[in-house]
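Participant: Residue-level listing of the chains:
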Amino acid sequence: METMKPEILKRLYYQMLRIRMVEERIAELYPEQEMRCPVHLCIGQEAVAAGVCANLSRDDYALSNHRSHAHYLAKGGNLKAMIAELYGKVTGCSGGKGGSMHLVDISVGFLGATPIVGSTVAIAVGAALGTVMQDRHQVTAIFFGDATVEEGAFHESANFAALKKLPVIFVCENNLYSVQSPLSVRQPGNREIFEVAKGHGIASYQGDGNDVVQVYQIAKRAINRARKGGGPTFLEFKTYRWREHCGPNDDFNLGYRTESEVRDWQKRCPIKRLKESLLTDGILSNQDIEAMISDLKTEIEAAIVFAKESAFPDKRMLLEHIYAL
Amino acid sequence: METMKPEILKRLYYQMLRIRMVEERIAELYPEQEMRCPVHLCIGQEAVAAGVCANLSRDDYALSNHRSHAHYLAKGGNLKAMIAELYGKVTGCSGGKGGSMHLVDISVGFLGATPIVGSTVAIAVGAALGTVMQDRHQVTAIFFGDATVEEGAFHESANFAALKKLPVIFVCENNLYSVQSPLSVRQPGNREIFEVAKGHGIASYQGDGNDVVQVYQIAKRAINRARKGGGPTFLEFKTYRWREHCGPNDDFNLGYRTESEVRDWQKRCPIKRLKESLLTDGILSNQDIEAMISDLKTEIEAAIVFAKESAFPDKRMLLEHIYAL
Amino acid sequence: MTNRELKFFQAINEAIDQCMARDASVYIMGLGVPDPKGIFGTTLGLQQKYGSKRVMDMPLSENGMTGVAIGSALVGMRPVLTHQRMDFAILSLEEIVNQAAKWHYMFGGQMSVPMVIRMIIGRGWGQGSQHSQSLQAWFAHVPGLKVVMPATPYDAKGLLVASIEDNNPVIFIEHRWLYNITGHVPEETYRVPLGQANIIREGSDITIAATSHMTLEAMHAAAILAKENIRAEVIDIRTLNPLDDSLILESVRKTGHLVVADTGWKTVGFGGEIVARVAEKAFSYLKSPPRRLALPDCPTPTTPALAKHYYPRAVHIVATVRQMLGISADDAVPDEPADVPLDVPDMTFTGPF
Amino acid sequence: MTNRELKFFQAINEAIDQCMARDASVYIMGLGVPDPKGIFGTTLGLQQKYGSKRVMDMPLSENGMTGVAIGSALVGMRPVLTHQRMDFAILSLEEIVNQAAKWHYMFGGQMSVPMVIRMIIGRGWGQGSQHSQSLQAWFAHVPGLKVVMPATPYDAKGLLVASIEDNNPVIFIEHRWLYNITGHVPEETYRVPLGQANIIREGSDITIAATSHMTLEAMHAAAILAKENIRAEVIDIRTLNPLDDSLILESVRKTGHLVVADTGWKTVGFGGEIVARVAEKAFSYLKSPPRRLALPDCPTPTTPALAKHYYPRAVHIVATVRQMLGISADDAVPDEPADVPLDVPDMTFTGPF
Ligand SMILES: Cc1ncc(C[n+]2csc(CCOP(=O)(O)OP(=O)(O)O)c2C)c(N)n1
Ligand SMILES: Cc1ncc(C[n+]2csc(CCOP(=O)(O)OP(=O)(O)O)c2C)c(N)n1
Ligand SMILES: [Mg+2]
Ligand SMILES: [Mg+2]
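Protein chains in written order, with the working numbering: chain Y, 1 to 325; chain E, 1 to 325; chain A, 1 to 353; chain D, 1 to 353.
These aren't lab readings, by the way, just hints derived from the structure by calculation. Every value quoted in this text rests on a predicted model; they were computed, and no experiment measured them. Any given hint could be a false lead.
In silico negatives: residues of chain D with every beta carbon more than 10 Å from chain E [as the list claims (entries may be wrong)]:
no.: 1; residue: Q18
no.: 2; residue: D23
no.: 3; residue: G32
no.: 4; residue: D35
no.: 5; residue: K37
no.: 6; residue: Q48
no.: 7; residue: G76
no.: 8; residue: S129
no.: 9; residue: I181
no.: 10; residue: Q196
no.: 11; residue: E202
no.: 12; residue: R253
no.: 13; residue: F283
no.: 14; residue: P296
no.: 15; residue: A332
no.: 16; residue: D335
Restricting the straight-line Cα-Cα distance to at most 25 Å, the calculated cross-link-like pairs of lysine-lysine (BS3-like) are [stated by the list, open to error]:
no.: 17; chain 1: Y; residue 1: K164; chain 2: D; residue 2: K49
no.: 18; chain 1: Y; residue 1: K164; chain 2: E; residue 2: K272
no.: 19; chain 1: Y; residue 1: K308; chain 2: A; residue 2: K308
no.: 20; chain 1: A; residue 1: K254; chain 2: D; residue 2: K281
no.: 21; chain 1: D; residue 1: K287; chain 2: A; residue 2: K287
no.: 22; chain 1: E; residue 1: K198; chain 2: Y; residue 2: K165
no.: 23; chain 1: E; residue 1: K80; chain 2: E; residue 2: K297
no.: 24; chain 1: Y; residue 1: K165; chain 2: Y; residue 2: K80
Glycine included, every Cβ here is placed at the ideal spot set by N, Cα and C.
In isolation and in its complexed conformation, chain Y is listed as follows (with noise of 0.2 Å):
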């Protein structure tokens, strides 16, 4: 593993520390019901998306499902555009009409997220194919969860990835439910996520999904190949999601989960982990991370308050975006 240069390692902190203020905020105002969207929140999760789209650049493509907010962010999504979507305003960055489960910034190259588990693998996995056919070297990213794999689109999609070595990464970010259903009932006991990936013939990787170092350099092998023309690379990130699955809440309540073993997943949060590490390296000192918080702080507000006051869709507009001119 090569050593990591403590201005990535910075910016990783950064870019998941914002992640994770942004959906502690919109928990914190959710229930105001000015969101009237369901929303996912990832919080826990924040490693996967901030270690690989570390390694995309700007141009490249990423696109997810459900729970988006941490591609999006990470991939360079506008923030402003992004609340002002939950709010359902004309200034969200689908104008109102997709909310929390249909993100998208194409300046940046985060070409969609949809909520129908597994559809947008295949879409992604077309995209890459699309780029190859125009000859210019992009590299698509597809974020999804563990039960994805349980869906036959997503199986046609990575064989035809591997047929036509495409440059694709498949991110899985295992978090070993699916809503309320664990693993155990949803697939086998006897083999792993990425080895089934593997079973398509496509390099599969898997690796801990709460250390943004390890997503950050598996990521970057994986892109660096498909950039070269070195085809699809599967990669299983075992992590783990704070709250409900969908809303602002926590949920051992629901008794699917133990509150003991949410309780052993958040000592091992992923900014936790990179901070003490930054501090004892030197890297980042406290007053440092105070800073970032409050410049973050700033940021949130000024686009919570962009979204509160930018206004609703014109009735009009119902009926405009049928279909394209």
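For this one, chain Y is given, so just place chains E, A and D with the ligands on it according to the hints.
Facilitator: This is chains E, A and D with the ligands only, laid out in the frame that chain Y set:
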């Protein structure tokens, strides 16, 4: 490998010969245009059906796809009812409503064949689930081709069969083509088909689909394992279709495969191969074989006469059987 | 016990519970079926009672699991497959339409596929374009499928029992905004036969035929119209396939006017079938052009600012009826005051699902 | 060159060829697209001309490959995805309906999905329940999709060029029994605009609106009726979604009678939409109840003995018209003499596909 009982070898030979002779007779008669439905012949692939089904008991289940004549016959399906079905007669196994692509014989556990590729794989897994739920110790075999593993339905079925350790035998007849499309334009070259199934955590093996003894022995292990609750097995058998994808003729003229490729595979005819060893081992004599052939001729001609002489379904049957009572 | 009241979701739960108790071949599976939320409460307690073999979670494999359910039905089981949203079931149309709907026919009536596929539809709270579709028109178009849309707790139980006991694939469509509706539900097991519409309010001036949640909107509309001495007859279609149009035809022969209110899109939607049947079979009785109330031909917008203009409600039915009867010149409705949220079924609903 | 004649399949081939020559972003893929049979001849020669990158075979993965086509369209390509049977495309409805149809809308109009999905429908030669479905009603129900069904070689080329150049997902439905029809087709690239029906025979006594192959049956029927001095106006609907009903309404206002002939099932089929529109918008002009000719609500039987009673033909249209105009009491049709095969498009067809 245990040594094979002569009785079993004879039965395997008889079974393959019977399938071959039925198919060749269909090919001869098809140009009369009285069988007015698509027919997918399996001439050259008989060993897989014969070798697998010889290990299934009457109350085990089998399902298949568009190319099901061999599977239906090897499982014990009624020949007269099959030929009558091809002729669209009311005496057909589906009353004429199905044709060659919709064979069924419940009395021998041939639960049905339908031509949407991949679809019956899931249905077979469901049949296996149903038997387990009812504590019935039956094994279900599902026959399909190499292209079928390209369908999402196959992977969803494999995952579920592995998850529930169901008594299913996935039998893949890899004849190298899907219609006129070679494997090379459909699947990556750096992995074998059985390895894809292995990725799902399913015990998977590969064998020579033109060696009926090998098929029999590999299938026997898998079926015994399934019967003992050991779960599913995936079997890939390499074999080859001699005739056109659909219809009675040769198809070198199309140019998607060379005549020499076909000839090479014909040299490896599974029936000729077993015949030679049976003759050298003195298990069968030429006279025995002649007798078999003439008995089969009689049986087949009787089935054809039965089919031709049977009545067509009456007009009012069109609107019958839309809903079950 | 004649005034025993249950909520719609409890009626569904009781129907499944009683069918599982009566028949060991009935089982239920679906994403989250045994989970703590129990599909809006409709499956709560079932796994505790019948075990994890008969009350199953499943992999995220809608298409494959539909095939699995079909296969199990072919060998003697009676699966109840549950989808939290109809949109997800689109992945399984091949198994539903090519296999389940045709298995009985294409094998000459030898086998049948007794299975129920529950699909949930809904509206509101920013579900957006992919989590809100109401595609009953597709299923009603397919011979071999039965399609049921209950609107009351009583029918929810009776139709679901009848569906589970039916020997054909039944698409059972539940509207989320009905789950908290309360109504009379007898405790004993009873059936509401498939293929029968129901007159839930008698009237002589106009016929309003409706599906699912639109039946409630129609009843609200009828109540408003009654104040103006317009007596609307409201027919709950209940079973869309096979469709029994006799009640609707009779009613139109009496009233001479028809409004159809459906939860789906308008064009090539289910409402069009009712209009076409009436135009074909009761043409001479019609005193005004029949009308359809349905979703505009447009995907579902997420923002409440647009969603509130997307869904037809009682006020729209009322305005349409007024226009048809010549009481008002057009069918315009006043925009709702902004402070009334139209994206929740009731004020207890605080999102996110 | 005004009398340049091509077969329908050649017109399709020429449209694809010319679009690929004009625009490097156009590519075509599908099972067997480059194979020696070239999808009934419609793709012959293309791979030789444009190479295997732009004329691709594909894995047997209808759903995934539809997503792939969508993704490629999002980054600048214009895919033409080809399915040898519409029945297979059922596997891809999720990508078509949830993604392709809505991508433009759900992201507020920022992106579009320019793609054509060719789906082949047909009849006859024992294709059976799973290889013969005509599900245009489903696609016409979905906002965001365009649905096209050409009936002549001229329209086949012009509508396909317009579809490939359109910036929306277009479901382009080809009937196998049309492939050998010959007609005038100009060599230069031309477009037939989407969203416009076409009067292909003028008449004043009755309006026959038809889709795809039923347009030919309607023309045969009109010719037979003409001998009885019944002047039928035949309208080829051509584009089912978005549906332009103006020509049909105009025609019915003139004739007062409507027959709709569609290749799909009757109930909740496309014909019902036409009937409903006319009932809503031209009610007062109708002199008789509108009628639908469509497939009975029944899966497709394989045996020719039943298939010959399954498909409506010109004789059925004629009988229906006669009854509507009061010329005969019922719409009964004589059974065809057994020696006329009704399961082949023409005598050159000898099976199996
Ligand atoms: C095809 C489909 N089926 C069901 C759902 C409902 N659903 C929404 S999110 C989700 C969980 C997906 O789990 P996973 O892929 O592990 O992602 P995670 O939510 O854990 O990030 C499910 C089942 C859906 N959105 N799409
Ligand atoms: C879902 C689906 N797509 C396409 C087809 C058309 N089709 C019929 S048979 C066949 C070839 C399947 O190849 P394989 O699975 O290898 O079986 P084989 O014909 O070689 O025995 C195809 C593509 C189909 N029947 N079903
Ligand atoms: Mg997960
Ligand atoms: Mg093959």
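Participant: Each hint: holds or not?
Facilitator: Against the structure, the hints:
1. Q18: holds, 25 Å
2. D23: holds, 24 Å
3. G32: violated, 5 Å
4. D35: With a cut-off of 10 Å, D35 (chain D) comes too close to chain E, as the shortest Cβ separation is near 4 Å.
5. K37: The claim breaks: K37 (chain D) does not keep its Cβ more than 10 Å from every Cβ of chain E (closest is about 7 Å).
6. Q48: About 12 Å separates Q48 (chain D) from the closest Cβ of chain E, which puts it past 10 Å; holds.
7. G76: holds, 24 Å
8. S129: For S129 (chain D), whose nearest Cβ neighbour in chain E is about 8 Å away, the distance does not exceed 10 Å, so it is violated.
9. I181: With a cut-off of 10 Å, I181 (chain D) remains clear of chain E, as the shortest Cβ separation is near 22 Å.
10. Q196: It holds; Q196 (chain D) is separated from chain E by about 35 Å at its closest Cβ, greater than 10 Å.
11. E202: holds, 36 Å
12. R253: The assertion about R253 (chain D) holds, with a minimum of 36 Å to chain E.
13. F283: For F283 (chain D), whose nearest Cβ neighbour in chain E is about 32 Å away, the distance exceeds 10 Å, so it holds.
14. P296: Non-interface label fails for P296 (chain D): nearest chain E Cβ at 7 Å, not farther than 10 Å.
15. A332: Holds, since 13 Å exceeds 10 Å.
16. D335: Violated, because the least Cβ-Cβ distance between D335 (chain D) and chain E comes to about 8 Å, which does not exceed 10 Å.
17. Y:K164 to D:K49: Roughly 21 Å separates the two Cα atoms, so the pair holds.
18. Y:K164 to E:K272: violated, 40 Å
19. Y:K308 to A:K308: holds, 19 Å
20. A:K254 to D:K281: holds, 22 Å
21. D:K287 to A:K287: holds, 14 Å
22. E:K198 to Y:K165: Holds - the C-alpha atoms of K165 (chain Y) and K198 (chain E) are around 22 Å apart, at most 25 Å.
23. E:K80 to E:K297: Holds - the C-alpha atoms of K297 (chain E) and K80 (chain E) are around 13 Å apart, at most 25 Å.
24. Y:K165 to Y:K80: violated, 37 Å
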